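Full structure from sequences and hints, please.
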Amino acid sequence: MKQFSISIALCCLLAVSGITGSVANAAPTTVQAGENITVKGTLVDETGEPVIAAAVALKGNTTIGTASDLDGNFTLSVPGDAVLIIQCLGYETKEVAVNGKANLGTITVNTESLFLDQVVVIGYGTQKKADLTGSVAVVEAEELKRVSHSNISSMLEGKVAGVNITTDGQPGADPAVRIRGLGSFGDTSPLYVIDGVPMGTSIRDFSPNDIETLQVLKDASAAAIYGSRAANGVVIITTKSGKKEQPMKIDYSGYFGVDRIRKGVYKVMDSQEYGDYVRMAFANSGMEAPSGYNPASADYLDPSKYNTDWFDTMFKTGIRQNHNVNISGGGQNNTYNIGLDYFSQKGTLEGAGPDFDRFTARVNNNMDIRFISLKTGIVYSHSKQNNMSMSNANEYVQGLYGQQYPVMASALIMPPTILAHDSRTWVLDDVLAPATEYHYDSYGYGTYYDKTHGDLRMTNPLLTNNLLERNTLVDRIVATGTAKIDLLDMIGFKNDNHKLSYNLNLSYSRTFAKDFTFVPAFIQSTTNYLDKSNETLNEGYRSYTDALIENFLTYEGTMGRHHLNLVAGQTFEREKYHTLTGRGNSMPEPYYLQVGNAATRDAGSYESEHVLASYLGRFTYDYDGKYLLQATVRRDGSSRLSSEDHWDWFPSFSAGWRIDRENFFNVESINMFKLRTSYGILGNENIGEYQYMGTMPRGNYTYSFGGTKVTGSAISDYVNTAIRWEKKKTFDIGLDLAFWENKFEINADWYHAMSEDLLYAVAVPAEAGATNTTVTMNAATMLNTGFELAATYRSHENELKYEISANMTLPKNEVKSLGMTNEPRTDGYSRTEVGNEVGRFYGYVYEGIFQSQEEIDNRVNDLGKPVVQSGAKPGDVAYKDVNNDGKITNEDQDYLGSGMAKIQFGLNLRFEYRNFDLNISTYGAAGHKVLDYVDMVLHNSYGITNKSTDLLNAWTAENHSETVPAVSYKTDASITNDMFSSRFLQNGAYWKIANIELGYNFPDGTFGKTISNARAYVSAQNLASLTKYRGYNVDFAGGTFTPGFNYCSYPTPMSFMAGVHFSF
Amino acid sequence: MKKINLIIAAVLATGMVSCTDQLDVTNPNNQTTYDFGNTESDLQEALIACYNRIRLEGTFARVGYTMDAVRGDEVWNSSQQWYINYDNLNSNGQIDIGDQWIWRDNYHVVNRCNFVLSKVGSARMSDNTRNEIKGQALFLRALAYYELATYYQNVPLYTDYADYSSLESMYASNSSQDDVFDQIEADLKEAVALLPTRDKGGEWAKGRATRGSAAGYLARALMFRHKYAEAYGYLKDIIKGEYGTYGLMADYGDNFKEGPQYENNKESLFEVQFMDYGTGGTDEEWTPVNISSNASQGHAVESNYGSQALGSWGDLAMSPWLYNLFKAERCTDNTLDPRLYWTAVTYEPEYSAYTGAITAAYPNGDPRSNVVYQNEITATPLSNNGQGGISIAKFTNARNNIYSTIVTGLHCGINLRLMRYSDVLLRAAECENEINGPTQQAIDYINEVRRRVALKDLKLSDFNTKDKLFEQIANVERPKEFGCENGRGIDLIRWGFFYDSDRLAQIRQHSAYMRNGTASTDELTLETADDYSLRYFEPGHEYFPIFQNTLDANPNLTGNSANKNIDNSVEFLQKWTVHPVNAQ
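Just so you know, the protein sequences line up as chains U and E, in that order.
My numbering runs 3 ahead of the 1-based position in the first sequence.
My numbering runs 1 ahead of the 1-based position in the second sequence.
If you're looking for bench data, these hints aren't it; they were derived computationally from the structure.
You may find that some hints are simply not true.
What the hints assert, rightly or not - With a cut-off of at most 25 Å between alpha-carbon atoms, the simulated SDA-like pairs for lysine to any residue come out as follows:
{"id": "1", "chain 1": "U", "residue 1": "732", "chain 2": "E", "residue 2": "168"}
{"id": "2", "chain 1": "U", "residue 1": "517", "chain 2": "E", "residue 2": "127"}
{"id": "3", "chain 1": "E", "residue 1": "201", "chain 2": "U", "residue 2": "711"}
Unchecked claim - Cβ-to-Cβ under 8 Å is the rule here; a few derived chain E residues that face chain U:
{"id": "4", "residue": "33"}
{"id": "5", "residue": "35"}
{"id": "6", "residue": "105"}
{"id": "7", "residue": "166"}
{"id": "8", "residue": "173"}
{"id": "9", "residue": "290"}
{"id": "10", "residue": "350"}
{"id": "11", "residue": "551"}
Said to hold, decoys possible - According to the in silico footprint, chain E covers these stretches of chain U (three or more CB under 8 Å from chain E):
{"id": "12", "segment": "706-714"}
{"id": "13", "segment": "722-730"}
{"id": "14", "segment": "883-896"}
Keep in mind the model is a prediction, meaning the values are calculated, not measured.
Glycine included, C-beta positions come from ideal geometry on N, C-alpha and C.
So, in structure tokens, the structure goes:
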């Protein structure tokens, strides 16, 4: 250790000799007479070793300065109220106020928490990165924050091997986070721990700007201390605190940016093209086109007058901005940090939403009183999220009839012949008979009537997104307090080799959310309307509280070359939830939106409670930093399980071997060569409240005795009272390598994670005598294996400094069992079967287009037997006779490809040249197929929603297209061109440039004395992707059972931003 | 310093307090299944639910009752659909009504009883109440298993509610028929010990399972496995009145009528309680999932037995053999056996003459007439169905004359008497004959049943062999006393009639019918008949196959002899013998 710090210091001497030299040579020159004093001090590191050749300079005028000598001493003449800046490579920059003192005594300079000596927070303690035996990814917080996003987890995308993020472009939306694959059929979100307090599975309420450090615990040994909540991984975040002996410092950082949705991803028809298409489709069906498309008709929709560009109509330029003020400082025994943050994102869609605003304030205080350290933290967060009327999820909006697509899809498949706005539609009484019952009919938004446009059954998305109002306000306060008592110090036996401390953590979180939804009555056509009686106003409050108490003892001891660290403790957490909702139907007009005004009203409430009690222990041992051992055990008790199953154990073991520290190992260039391995069992407690019990109906079983009716009750639906934790058994083997004094680092891991006892809807056999057909049981098994590789190369010696980091994951998933019978399950276009990964695409096999009747008549299957595809005509899609039975039926569906990427990677580059820096972050995936719903709808062969311009080249008797099947208005065939088949699947491979940032760091003094550390930057986010994929959100991973299926995920915009940072 | 130490000590102490109690959170939103069943009143309700399940369509409200009759030789499927594969005994395992419904609904009974039995030991109540609840649940579970084992042979045995909690035990495998009967016997023996007799009165005399019910079914279960001596002991005790006061009703017809003076009468050991449509509710509970507090309380046996001409489905008709059996022996005053009147709807000119007269069977005035559903009939016009067949009167309103037509559905309120005292007597006769026979004691039991309907006494001298007396019991006395009721199929199985070629020929002969659109009463032979039940009988199909979907859904379950076409005669004949047909 000692050797190491000296070598760092020597390196420091060489590296900064230029600067210090010039400083030293500058010598005291102009100082104001009478005010200057000569101060002296000694610089040491945490171990007490002198810090050599550090630059000590006057803040605000760095021409006044000196360098520390071989013993760490320095002398400098400065004004009595001066602040000194102490800088040395490998150490953190430190500011010391002189305060008129001539002798500053011993000043401790902290080793820069970079590289191997970096201290990693591992839950209930810290550990040096070099001593880790588990798989922990440490993410550079500053690096992370270069990407603008409201949500911390979204920023992790592409940064960590094995961490996969699926972000939807909706402002304020929580991303889906998967660490090391799909470990459960339920919630796969990791546990977030902020400043030692478990915060649950979402961190949308917190500002990324408050992060000081972030690490991801990926394997069982790292995460086992969180036991039953750690199966999906743990993300540990530490927020900023002030530094001791530092005068108040104010930092401002902020940016302003614009968001644009990329146009032309899908090529949709304009009015002229659409008219041609409609005429072709109707003609192919042997029908006359609707009058609007008949140029001879009085109703003709002239493309020169009726030509709405729905993309331009629906999408607008979004605006995002973030302002953060951070105030920090500290005295001898205390530090403080206050962060004030405002984030606002005005969405890219016309109408009610989506957009998101959030204000957060965080105050952290640390105090040391003799042997006690106290930490307090308070965060307040307020946010408002406006949702669009129908988002990406296939959600049901109460009372909205007709075929409704999410707004984003509607914007692309709405025919261009429908006007966005049409002043004639306020009153439709003469056009639609039922319209007489409405006050306003279509509110001046364009609509259609069957005889001119045909039977379309679509609602103008501009209308729905403007009329429907759905928003959520969230207020949250989290208060935490931590006390750490050095017990040996307390009883007067302070000993540097033995440290025993007692820790107490207290935390209370209260979240208050207000939900508001209003869907007013309207009528667009006889099929698309919202009846007055179904007009719905929903208002509700949700309250969440979470109280946590943790007690634990830690012992840290050094006995010669033996190092020991023990943790033993107990935690108790209680969460409560309550909701109160009011619903009103049929509101009088003009609208005053209070439930009390509604004609019919309804109210509801619900509450639940969750208690988690745990005991934990960890044993960490190393011999000379060479042989590393760790054992962790947690015993968890959960109220989510029945009293017979409350408790369970979650153990883990890990070991590491620093081969580079062995005497026989003398490869100079390798300064770290560590092998590590771990095994452990983690749990997933995210199974919802009261799962082991069902609602008990009373008095619904009747019988009679002697002609008198009697009533009884029974548990009709079988409820599995023995529901248990999902368990994940993880084995990990890893290798950490570092070369040339950590300039080049490699981390490699291979993992084998068996998720057992997964909750799964199991069929209830008839002989069980229950009324339900399925019951949730711990009845599925899934295996995730993978190889992860991360490498970083840093070059800081030359004027052009650069850092390249890359990561790669090769994940594999296999379902090992599903319920009792392993019956495959089908979800949409995907099917899950034991022995293979979750949710492979399942449908018909596309075999091209029938070019002639002869081809239809003479087609044979693999056995050479004739194949009958009933209803097929020339121009129709030919499907493969998969089961070789001579006819095309739904038995001819087969697996068409995987929606799970076989490789995921990230590549991040950073360059610094003089005062400029450039950061580029990219990531990608390959080896999978995707199905884009909008693309599929645009390529459907029937109906009259708008289509891709590809369909203008559809097969006709004259145009024998090999790629686009014949189109028609409708078909009577049971096997149609639109059966889900391989023709709709796309190659999912992509490489996305997620962020490019170019910054300039102004030298101190540029803006005078008051402003320092000034920086300005411009950045572009989501700029481009290298892909063949046609659709938004190339990185959208799909649902649990439907990987690769993108159902109208809201487009992530391209963002262009400019930002500044400076300190006072 | 001291203060801090104290605080720390206090905090540590609080931290170490056991948190287990805190983990037992309750759901404040609704009563939950987890909280149910821990009190006496909960368990009384849960017990009602057990009774409720025995009046499902697959238990006794329709197919669960009638399938056993149609399986035998007394009833044929006059509509030639719906029941046809259970008349012919050739279901392929894909027909839900017989292969699934009876299975499914009886397992509902098992589930509800298992729940009660799992909780009854720990809930607070008097020992008396505990015994009563437990005894009833044991009886009802045994009743369900008796049905399951006699319809489906080797069925899975669930005896613990916890069995449903793990995949391995929820997806149970088959138990042997012997294991199931062992369980039935054990449960019924315990129920006999726990339950009060009907003499306790109240609901104990109005439909609850009593000691007598349990003892009667125990005798049935024992006799299924030819344990005659043990069964006889119970039967004699019932006759002695040790399990409650029982006796024959003076009027045989009282056993098939509705009304407080007829239902739950002294002859009844156990009956399923029904009420007319609308009196208990109007929601018809056709499948076990549409549970309703407003459920109708009727059964649909009438809809199967009654004539289509009167609004019924007319599915099931009495075999001409049974009709002619009734005709073969007249009462002491040369009138017709009154049991014909109560079993079948036929026009008999004599009935009009009997009305109100003093007859041997009815010394206080004969109720018989040719009025059916309030209509006077003058010939035998009542073909059960377009195909023909003699309508069955039992458990219908044909003889009650409460209604003028049948409304199909779960409408009929006549309690189904599952076991009557006459069964105790005839079974006692059978046991006595098997053990000691032929004896006067056996003849005396039979004569008690015969005297009620004014038939002349049998004489021991006419029955010189055990076989001969058995023949009289099996093919004369029992068919006439219990004709068209549930139980004949089980009798044929336990006597081995499916396992002996002569016996099989005999019951085929009995089951011959005409499909000529009339209620033909002509005596038939296989040659003169249009057809006969059991024509397509394959060995093993005396049991119904387990539904194929049920087998597919549970990998631990295998098919029974009907699924696998296994001839059960080999095993049967290893253990027991079949009485020969032409006994001398």
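Each hint, compared with the structure:
Restraint check for residue 732 of chain U and residue 168 of chain E: the C-alpha separation of about 21 Å stays at or below 25 Å, so the hint holds. At most 25 Å may separate the alpha-carbon atoms for a hinted pair to count; residue 517 of chain U and residue 127 of chain E exceed this at roughly 52 Å. Restraint check for residue 201 of chain E and residue 711 of chain U: the C-alpha separation of about 18 Å stays at or below 25 Å, so the hint holds. Interface hint status for residue 33 of chain E: upheld, as the beta-carbon distance to the closest one in chain U is roughly 4 Å, under 8 Å.
Interface hint at residue 35 of chain E: satisfied, since its Cβ lies 3 Å from the closest Cβ of chain U, which is below the 8 Å cut-off. The restraint placing residue 105 of chain E at the interface with chain U holds, with a minimum CB-CB distance near 5 Å, inside the 8 Å limit. A least Cβ separation of about 4 Å between residue 166 of chain E and chain U falls short of the 8 Å threshold, and the interface hint therefore holds. Hint status for residue 173 of chain E relative to chain U: holds, with the closest Cβ pair at about 6 Å, below 8 Å.
About 4 Å separates the beta-carbon of residue 290 of chain E from the nearest beta-carbon of chain U, less than 8 Å, and the hint is met. Residue-level restraint check for residue 350 of chain E is violated (minimum Cβ-Cβ distance to chain U is 36 Å; threshold 8 Å). For residue 551 of chain E, the shortest C-beta to C-beta distance to chain U is roughly 5 Å, which falls under 8 Å, so the interface hint holds. Figure legend: the segment 706-714 of chain U, annotated as covered by chain E; annotation consistent (9 residues with Cβ-Cβ distances under 8 Å, at least 3 required).
Check on the segment 722-730 of chain U: 4 of its residues sit with their Cβ under 8 Å from a Cβ of chain E, so the three-residue criterion for coverage holds. Given as covered by chain E, the segment 883-896 of chain U fails the check, having 0 residues with a CB less than 8 Å from a CB of that chain where 3 are the minimum.
Hints 2, 10 and 14 from the list above are not met by this structure, while the remaining hints are.
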